[in-house]
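> One letter stands for each residue in the lines below.
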Amino acid sequence: MTATVDKKRTAGFRSRWAAMPKQVRWAAIAALIVLLYILPNKWFYEYLGFPIGSDYFAFYTTRSDFAGVLFDTAVFVLLAVGLNVVVGFAGLLDLGYFGFYALGAYTVALLTSPESRFGTNWPWLAAVPLAVMVAMVSGVILGGPTLRLRGDYLAIVTLGFAEMIRLYAARNEGVLQGQRGIPAIPHPPGTGSDGKPLFGVVDARPYYWLMLTLILIVLLLVRNLANSRVGRAWVAIREDEDAAEIMGVPTFKYKLWAFAIGAAVAGLTGAVFAGKQTFINSDQFVLESSILVLAAVILGGAGNIKGAIVGGAVTWYLPEWLRGIGDLLGVEFDAAEYRILVFGLVVIVMMIFRPQGLVPNRRRAAEFADRRKEAVPQETVPNE
Amino acid sequence: MNFDELFGNFPALTITGLEQGAIYALIALGYTLVYGVLRLINFAHSEVFMVGTFTAMWTWQALGYDQNAAAPSLGPLILALIAGLVVAMAASALTAVTVELVAYRPLRRRNAPPLAFLITAIGASFVLAESFGIGTRRAPFGQADLIPSKTVFTLFGAEVTNKQLLILGVTLVMMVALDQFVNRSRLGRGIRAVAQDADTAALMGVNKNRVILLVFVLGGLMAGVGALLWDIRFNYTKFNVGFLIGLKAFAAAVLGGIGNLRGALLGGLLLGVVENYASGLFGGEWKDFTGFVLLIVLLMFRPTGLLGESLGRARA
Chain A
1 MTATVDKKRT AGFRSRWAAM PKQVRWAAIA ALIVLLYILP NKWFYEYLGF PIGSDYFAFY
61 TTRSDFAGVL FDTAVFVLLA VGLNVVVGFA GLLDLGYFGF YALGAYTVAL LTSPESRFGT
121 NWPWLAAVPL AVMVAMVSGV ILGGPTLRLR GDYLAIVTLG FAEMIRLYAA RNEGVLQGQR
181 GIPAIPHPPG TGSDGKPLFG VVDARPYYWL MLTLILIVLL LVRNLANSRV GRAWVAIRED
241 EDAAEIMGVP TFKYKLWAFA IGAAVAGLTG AVFAGKQTFI NSDQFVLESS ILVLAAVILG
301 GAGNIKGAIV GGAVTWYLPE WLRGIGDLLG VEFDAAEYRI LVFGLVVIVM MIFRPQGLVP
361 NRRRAAEFAD RRKEAVPQET VPNE
Chain B
1 MNFDELFGNF PALTITGLEQ GAIYALIALG YTLVYGVLRL INFAHSEVFM VGTFTAMWTW
61 QALGYDQNAA APSLGPLILA LIAGLVVAMA ASALTAVTVE LVAYRPLRRR NAPPLAFLIT
121 AIGASFVLAE SFGIGTRRAP FGQADLIPSK TVFTLFGAEV TNKQLLILGV TLVMMVALDQ
181 FVNRSRLGRG IRAVAQDADT AALMGVNKNR VILLVFVLGG LMAGVGALLW DIRFNYTKFN
241 VGFLIGLKAF AAAVLGGIGN LRGALLGGLL LGVVENYASG LFGGEWKDFT GFVLLIVLLM
301 FRPTGLLGES LGRARA
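Protein chains in written order, with the numbering used here: chain A, 1 to 384; chain B, 1 to 316.
Mixed in with the good hints there might be a few duds.
Going by beta-carbon spacing under 8 Å, a handful of chain B positions derived as facing chain A [claimed, not checked]:
hint, residue
1, Arg-109
2, Ile-122
3, Ala-124
4, Phe-126
5, Gly-188
6, Ile-296
None of these hints come from the bench; they were simulated from the model. Because the structure is a prediction, the values reported are computed rather than measured. Even for Gly, the Cβ is constructed at its ideal location relative to N, Cα and C.
Start from the sequences and build out the full structure, keeping to the hints where you can.
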């Protein structure tokens, strides 16, 4: 069966990786991180011998600004890492993840923009912690009544929540200013070596670097959390909530924690997004995005942080890249138009044939294989 | 807060509320049936409804009633309505069955965890909505008014139109028919048996997969009727029309007690009316929030809904 085949294939790489000396592993990871930081630089491609704009088949996007695409991809990766805590670790289905992202973005916008009705004019940096707090608190408020119930109610309530946030933003002319949106949100602070502001309008690279740094920090935190008492409690809840409760795990508390931490990461991402965009309106927080983030987590492999990173990168970067490839081949093909359709299909197919994802979490893959084995006798029932 | 608006128009708000609530109730039935048997929120059900709204309108356009057509006389009108009804019901039921066969059944065979079902459901919902979105270039799809609105009588100062009577009448008829089917017929007994205890029902010779298929068909048929009524009421549809109404219908199903057929009717009508009162009280832009707020408050205080949860316990 597929599970055993996977084991053989990935076990080779895994055991070889684990058998390498610690220094080599650290050096490889460091090299990868450095590569990610120099990715958006033009001189890097000139150095490699295929400068941007040439006809070579390469991994940069030709249709849209590559640094911008990298920033958006990083946004998606961070969202996927956050949602992975909720869906992958604790096994709670949050369908309105973008709602918290919107909350973070709007909090920053309202507090910092001179155009907002609040008139507080805070600097961007001061508003970020508050945005994270607002997202987290709203996560607790939303999770409080629903997490005590069966898991499927959470799905529909979060789905409704995200849509209500968008509807409220679209219709509320007073505070959130509807589709006109809130302009003039300040950029993050900082001055470059040439005296100009570090975070400008044209160059998306600093934002990408900022996002990358945030991803690394969140990764470290989440990884440590997953290996701690809290992480073990999440896994126990995901595998069997009743058994976990009986063994003395306060399930409600830990579920609420997972939900709130996921919301906080989304709020943080939204805050950075608002700082780059300088303008937000209700159209930027459509529900489809929540589903794309979920697709990213499922595709990559729920419960595995590496999987979430891979999934986030694939769901955003691949369609943008394909647009450029269509140009190269001379076909007019807007891959972004079909993004939701394709990833919707991907989710269905993955759930049936490879529910553990591209980069599976070992324990979760075993769970699926176990359940599948239990189901085998049923298939021989004659009236199937 | 505008109390004058609420109390001044109380009868009118009630009537239009019931009219909208009837459509919610028909869709809520689909959620309730599937939930009662499978314990699954079928997110794709809102798209089952959406497919119905499109196919009914396409049928009418094929019959020659497009955007600029004059309203037909009684004979052709009845013919058009019946043709639209049959096509919408068939298309919706077919969509529901396809989703079950393609997405859910393979998961059941693999004994997938509940989370996998929910994720697949939302995936199926988006695949359906997006394929219609791409197919129709995301443009709204309109239709000339088939039945010109005419006031039939006034009740406490509120005008009751022929359309409202038609919508409420059709809903009640469908509701009674479904209720009798589930409670009286042999197939209905099978549904109740599987809802009560799937394993025992299988031991007693009930074919579980056939019952599940039947439940999807019934839900699809009801959604098709709801779709036709929606078309008559609004003369408009769009690829994402199902989303909000699906959310409200689910709230209605939970309100009445999910898994309870009569609860779905009660919840739907109640939600429609409460929604209208809220829009009278707070202003129209708050209307769509009512269902959601009601859902959260209900989950806090009475998560089993007004009439209790079980489809298995619903007896004649």
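> For the hint on Ile-296/B, does the least C-beta distance to chain A fall short of 8 Å?
holds (6 Å)
> Are Phe-126/B and chain A close enough, Cβ to Cβ, to be under 8 Å, as the hint says?
holds (4 Å)
> Minimum Cβ distance from Ile-122/B to chain A below 8 Å?
holds (6 Å)
> Given Ala-124/B as an interface hint, is the shortest Cβ-Cβ distance to chain A below 8 Å?
At 6 Å from the nearest chain A Cβ, Ala-124/B passes the 8 Å test, so the hint holds.
> Please verify that hint: Arg-109/B, Cβ, nearest Cβ of chain A, below 8 Å or not.
holds (6 Å)
> So, Gly-188/B near chain A? Judge it on the closest CB pair being under 8 Å.
Result: violated, 20 Å to nearest chain A Cβ.
Hint compliance for this structure: hint 5 alone is broken.
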